[in-house]
Amino acid sequence: MFSATLIGLDGVGKTTIAKRLEHALPMPVKYLYMGMNFEAGNCLLPTTRWWSARQRREAAAAARRTTPAPAPAPALGHTPRVLVKTAKKTLGFINRLLEEWCRELVALHYIRQGHLVLFDRHFIYDYYHADILPGSGHLPWKRRVHGFMLRHLIREPDLVICLDAPGEVAFGRKREFSVPFLESRRRDYLSLRNAVRNFVIVDANRDLESVVGDVRRAIVEFHDRRRTHG
5 MFSATLIGLD GVGKTTIAKR LEHALPMPVK YLYMGMNFEA GNCLLPTTRW
55 WSARQRREAA AAARRTTPAP APAPALGHTP RVLVKTAKKT LGFINRLLEE
105 WCRELVALHY IRQGHLVLFD RHFIYDYYHA DILPGSGHLP WKRRVHGFML
155 RHLIREPDLV ICLDAPGEVA FGRKREFSVP FLESRRRDYL SLRNAVRNFV
205 IVDANRDLES VVGDVRRAIV EFHDRRRTHG
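Under the numbering used here, the first residue of the sequence shown carries the number 5, and numbering increases by one thereafter.
Here are the computed distance ranges between Cβ atoms for each label pair:
| id | residue 1 | residue 2 | range |
| --- | --- | --- | --- |
| 1 | Val183 | Lys23 | 22 to 30 Å |
| 2 | Leu109 | Glu26 | 19 to 27 Å |
| 3 | Leu194 | Cys47 | 24 to 32 Å |
| 4 | Arg147 | Ser188 | 15 to 23 Å |
| 5 | Arg116 | Arg197 | 24 to 32 Å |
| 6 | Trp145 | Cys47 | 22 to 30 Å |
| 7 | Val110 | Phe181 | 28 to 36 Å |
| 8 | Phe181 | Glu26 | 24 to 32 Å |
Restricting the straight-line Cα-Cα distance to at most 27 Å, the calculated cross-link-like pairs of lysine-lysine (DSSO-like) are:
| id | residue 1 | residue 2 |
| --- | --- | --- |
| 9 | Lys146 | Lys93 |
| 10 | Lys178 | Lys23 |
| 11 | Lys146 | Lys89 |
| 12 | Lys92 | Lys146 |
| 13 | Lys34 | Lys23 |
Calculated directly from the structure, the hints in this document are not laboratory data.
Beta carbons are placed, not taken as given, at the ideal position from N, Cα and C, and that holds for glycine.
With these hints in hand, go ahead and build the complete structure from the sequences.
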């Protein structure tokens, strides 16, 4: 079988549409969330669940404080506090790479079993302009490592469907980020048509049924072409 991903701004309906299509396509489908919102993930490493729970506990503890936490003392060289903080950040980064690779392996397993894997978002396209795109400049080592992994160790989806809507519309639906930021991200997503072989744009600024129907049609037509041409 093959894989397809839905990409686009937060608020265009990726998750809603993917969930609808999970039971509305003429082939067996496996839904897989491929973003970094761990609470939305349907396939997570135990270490990721632990790390996410730890961060929630720390955030809750900070919110309960009645007085501000004391400001940390200025770091002097490689103090134990600095070393521990650096180690935590590095471990978190390593776990993030493992999490992405784990979901890639799960997707490959489903494909080999004969399922269409329907991705909700995808790491490659979320980070394409920041960590992958050639000429991104001198990046920190973590972003260089991440970009290398996304380029060489993560398989691109066979079909990319971009749910397109103006930034103002996406902002009105979720009230997240700013309209200028969303418009910038929208341009990033649309520019992928020049880098992705099987790229379909669907107008998401319409009623849900129309959008679901167009996405379903794009997937079925792609499936039929693959069967016809081998």
